[in-house]
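Chains as they are written, first to last, in this note's numbering: chain A, 981 to 1295; chain B, 1014 to 1376.
Among these hints, one or two may not hold up.
[What the hints assert, rightly or not] Straight-line Cα separation of at most 20 Å, EDC-like style, residue types lysine to aspartate or glutamate; simulated pairs:
hint, chain 1, residue 1, chain 2, residue 2
1, B, K1020, B, D1033
2, B, K1196, B, E1178
3, A, K1230, A, D1256
4, B, K1141, B, E1190
5, A, K1101, B, E1178
6, B, K1264, B, D1310
7, A, K1101, B, E1190
8, B, K1039, B, E1049
9, A, K1101, B, E1295
Since the hints were derived computationally from the structure, they do not count as laboratory data.
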Amino acid sequence: MADTQLAQRTRTAQFEGQIRPRFSWFTDRWIAISFLTPTMLLLLFISIFPLVWSLYLSFTDWSVIKDANTAPQWIGTANYLELLTDNRTWQRFVVTGQFVVPAVVIELLLGFGIALLLNRKFTGRGAIMTLLLIPMMLSPIVVALFWRFMMQGDGVLNYYVVNLFGLEPILWLSDRYVAPWSLVIVDVWMWTPFMMLISLAGLSAVPNYLYEAAAVDRAGTWFRFRHITLPMVMPLLLIAIIFRTMDAYKLFDQAVVLTGGGPGRFTQTASMYLYDVAFGQFNTGEGSALGYIMLIVITALANLLIRALNATKST
Amino acid sequence: MADVRLKNVSKRFGESKKNDAVMAVKDLDLDVADGEFLVLLGPSGCGKTTTLRMVAGLERATSGEIFIGDRSVNDLPPGDRDIAFVFQFYALYPHLSVYDNISFPLRAQNMSKSEVDEQVRRVASRLKIEHVLNRRPNRLPSGEQQRVALGRAIVRQPQVFLMDEPLTNLDASLRSEMRVELKHLQQELGTTMLYVTHDQVEAMSMSHRIAVMSMGVLQQVDTPLEIYNHPKTLFVATFIGSPPMNTVACKVVDGHHLQGIENTFRLTLDPSYANRLANTKEVVFGIRSEDARLVNDDSAQLRGTVAVREPLGDETIYDMDMGQYRMAVKTPPRQIFRPGEPVGVAINLNRIHLFDRVTGQAV
């Protein structure tokens, strides 16, 4: 009896300070694998597989409805050649560009300007900030719906145009020259706060002693802006521009609700055209190819902006 | 060149009615002579930097008046005060080259291009930074950034230099090198200099006079040696010197005798002290570590045991356990005692300091 107790005690002592043998297989490597697996599987099914499969489909002539029972037919680069030689495709990208460039530029200028005004202490600053941020928090569909309501022929905008300025009512959503700008107006209304928020973050990070040094050195307002404020905020501004450009480039929901691509196809953006090809005409192969063309364009654009960002950082 | 005078200057942060108001500087009177190198010394939060910033115009004095030369500058913006400010973090314009940083104050004065170029090159060669003129300052080592900041300050030949802990961000060896160089530069230019630091070594080694501040109140303005040898308050006595002055609270007994509060020791002073101590019951007795000796004979007035021995090479500091209090004593390097060893301490009674225990003022 005493012997066994003694033996047990020595065994316990032997294992003290060591990993308990029952879990010795459960190494850091296993922990890492078991945490990663669910995410990897999810990514594989909802992201990687569709990406690879649609790349394959973009080289085939296939429709998910008409050819559901037949195998996709390999036609090489025919989809791409057809799209790239088709004037309509280029037209959609021009429409998209005519929306993205003015929208992002105006949002940047307005947002940065408002941030400069807000970058000081005053009473009611918090309330004003909150009010300014509201548009960004709304759903794009909701925003588009009530702007459509305001922009329709007898809407509130035309009420002011006619009664305050004494002009003819403007066809905000159905004039081929005005409608693209209406999309820009709504986007600016919604996303200027985003530019403002990021600009404000950049502005508040500029160390105050630089402005103090400038005050001692008799620097003027323009110098302070040009050589202190702007370069210090530039990296953040570029990040905001990248975000907004990528987001505006895939404009879909607001445009569908506001103009539906009309009048004619004058406000049909690349994403709307893609939707039309893939889910209106159900040309799945051609749609996949268009999707890839869009992906290549935005990747190239983003890379240019990121290069500019890295250039500002290295100086 | 110009002198700088502060008359009764106070600075309060926050609303006076609210409780969170802080008096950063209280009723400060300070005269800096033309061409003088004056150091504002004190622990962090003592109001020295606020004082400097008020002279620069980066803070507005709540009350009082500031003169640079004959002009009252209270209402002048920093750019119109004809001063140069060197910031603790240099505050160089990161997106301008070193050349443009240094030339900036000149260009703001609409100086001609050739003259600007001449001035910048003169300053750059004086500070040995000619080889970095085309580089961006944030790529330079901190020592060179420091020189660029100095260059931007001296290039405009201001009436007064204001420097806010300019050497704090340098490593130790560079700091002692720059200390000598700054002092040399100031002697050469002869420009009035107001220099803020919390480092007593900088203050002692560089300045003509030191102004010691504590809690927003000016404690003493004097030459470095006068501050060291004749501190006017207990704060100055313990803030200056390394190790700090030994202090112990005592009762005054029989006119010219001091007795430890816990009856731990008794010191007999020269009878001439009786007059000075007539109105004081309790004093703080102070003695610098070099004014005491460790002895093993009858000359010792106090006895203790060695607690810690710190050999520094040229001298050794003994931290003595005296019962109720501790005491640091400097000894020659070859006089060796072991920790735990009982030793006598002989005090040079001509070098003692006495402060009122309540007010902290020298008696």
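The hints, checked one at a time:
Using a Cα cut-off of 20 Å, the hinted pair K1020 of chain B and D1033 of chain B is violated, with the two alpha carbons roughly 26 Å apart. For the hint pairing K1196 of chain B with E1178 of chain B, the CA-to-CA distance comes to about 14 Å; that is within 20 Å, so the pair holds. Proposed proximity of K1230 of chain A and D1256 of chain A is supported: the alpha carbons are some 14 Å apart, at most 20 Å. A distance of roughly 14 Å separates the Cα atoms of K1141 of chain B and E1190 of chain B; the hinted pair therefore holds under the 20 Å criterion.
Straight-line distance between C-alpha atoms of K1101 of chain A and E1178 of chain B comes to about 29 Å, which puts the hinted pair past the 20 Å bound. At roughly 26 Å between alpha-carbon atoms, K1264 of chain B and D1310 of chain B are farther apart than 20 Å, so this suggested pair is violated. Restraint check: the Cα-Cα separation between K1101 of chain A and E1190 of chain B comes to about 43 Å, which exceeds 20 Å; the hinted pair is violated. With a C-alpha separation of about 23 Å, the suggested pair K1039 of chain B and E1049 of chain B falls outside the 20 Å cut-off, and the hint is violated.
With a C-alpha separation of about 52 Å, the suggested pairing of K1101 of chain A with E1295 of chain B is violated against the 20 Å cut-off.
Checked against the numbered hints above, the structure breaks hints 1, 5, 6, 7, 8 and 9 and satisfies the rest.
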